[in-house]
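Could you slot chain B onto chain A? The hints should help.
2 protein chains.
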Amino acid sequence: MTAAELNHEIRRKGSYLCVGLDSDPGKIPVHLNREAHPVFAFNRAIIDATHDLAVAYKPNLAFYEAMGTEGMEQLEMTVDHIRSVDPNLFIIADAKRGDIGNTADQYARAFFIRYDFDAITLSPYMGRDSIEPFLQFTGKWAILLALTSNPGANDFQMQRFSDGEPLYEKVLRESATWGTHDNMMFVVGATRPEYLRRIRKIVPEHFLLVPGVGAQGGSLEMVLENGKSTHGGLLINNSRGIIFAGSGSDFAEKARGAAERMTKGM
Amino acid sequence: MTAAELNHEIRRKGSYLCVGLDSDPGKIPVHLNREAHPVFAFNRAIIDATHDLAVAYKPNLAFYEAMGTEGMEQLEMTVDHIRSVDPNLFIIADAKRGDIGNTADQYARAFFIRYDFDAITLSPYMGRDSIEPFLQFTGKWAILLALTSNPGANDFQMQRFSDGEPLYEKVLRESATWGTHDNMMFVVGATRPEYLRRIRKIVPEHFLLVPGVGAQGGSLEMVLENGKSTHGGLLINNSRGIIFAGSGSDFAEKARGAAERMTKGM
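Just so you know, the protein sequences line up as chains A and B, in that order. Counting from 1 along the first sequence, just add 7 to a position and that's the residue number in the numbering used here. Counting from 1 along the second sequence, just add 7 to a position and that's the residue number in the numbering used here.
For reference, chain A alone in the conformation it holds in the complex (with noise of 0.2 Å):
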């Protein structure tokens, strides 16, 4: 998917949502558990009822690979179902993976053929050569962390280098080269909108990936007035606040609730 067919769902649906399928077995609804595949049904449910409002979802790999060999098969039938819902959905695996050239491979390998996601999280710590395999799969992409919405951004990424600039502006400036904004995106947590603004100035056309609006707090107007690009740009993350909606029988309606909320501020 090239950045402008993004940014065409973007306009045709009036939405920047993406939907994190952050599926812990422990919080879905009780009464799935009787279901053989209890998380994709789950997740069926969710992506039957918010499919028309989203523009992308994101399965955070963490909850799958806990479940083992049973969480890869319900992983595998998620992204399948997204696809045969509507192929112009946008999938993310939320991996934040990150290593050279040899094991980098193996993770595009794995994640945008065997898997068919049209993006993955990474993180940069380890540099060029750790993110240039993701970046040689036509209509795939990489997306990098930058600013993260957690308290540890503080630790390294908030800090300057001796030329005054904080690590993570190096990041998005440094790694903005290797690729194009049609095979390149970077995550900016919804919890520092203060920064999106400045942001913009180093990435103006990149898209971002905003997580931690709703549940960690960030404000969705501040979101989109500081991140939004000329052609929109923005993919604005909520997990829980959509799934975990409500947890009765009817999570589904629920969930298309809150989604529908969300998007109305859009």
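Hints are not guaranteed to be accurate.
One copy or two, it doesn't matter: identical chains are merged, so the pair holds either way.
[Claimed, not checked] SDA-like, lysine to any residue: derived pairs with alpha carbons at most 25 Å apart:
id : residue 1 : residue 2
1  : Lys208    : Ser169
2  : Lys147    : Gly33
3  : Lys34     : Gly108
4  : Lys20     : Glu232
These are computed hints drawn from the structure, not numbers from a lab.
Here is chain B on its own, set in the frame of chain A:
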């Protein structure tokens, strides 16, 4: 496993060797493809041939994940086999994860409990709250990337902050305060032995996991000279140089030969 127990094994075996199980299914001897579980059959033969020479094994998760559920099953079988051969072998999940509390906790449970690994490699980019969940499991370890062996280490890790300290040193200094030398190690590439002496001043007692000897060109002698702590404190990894030393029916003997040559220098 405690640091004292691991150092005891190192002295007992006269070896710092960690064998990296980067068991690419495209590179294992072709005759193994007749087996029901080719990658596991490969790993089992390597483990059986080297376990008296090695103190640790390090499956590289990318290669198993790239095979989907089949791969994860063979990973589980591999960990079980190592445990059954010698319960004192140290098993590292080379996963290079790094995510916040909620997700980090899922990964910790996946690798420490479901798969029974002793340790997991982590990226420090997201800071303290992305590491701490891994420090809550008695006898288990977080292994943080500090200075890696690839060219991309120059992009960010080697860059100096305004106080003159490069990022990798800040990572060592800061994160060493989050845990103890009984639950935290650091990755330092063998391709940069001149830095090992400096690193030993910052973390005199912590274990260092040193990749890059062999295929990547690092010198074993330099690593030993500059990297040892008072009690040992080193795990020196070799992956392809050992597991792919041969490619015929004698691949396991060849692997043993390569491991013997390497441990002789220890």
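Do the hints match the structure? See the list:
| no. | hint | verdict |
| --- | --- | --- |
| 1 | Lys208 - Ser169 | both (21 Å within a copy, 23 Å between copies) |
| 2 | Lys147 - Gly33 | between (32 Å within a copy, 24 Å between copies) |
| 3 | Lys34 - Gly108 | between (37 Å within a copy, 16 Å between copies) |
| 4 | Lys20 - Glu232 | within (19 Å within a copy, 62 Å between copies) |
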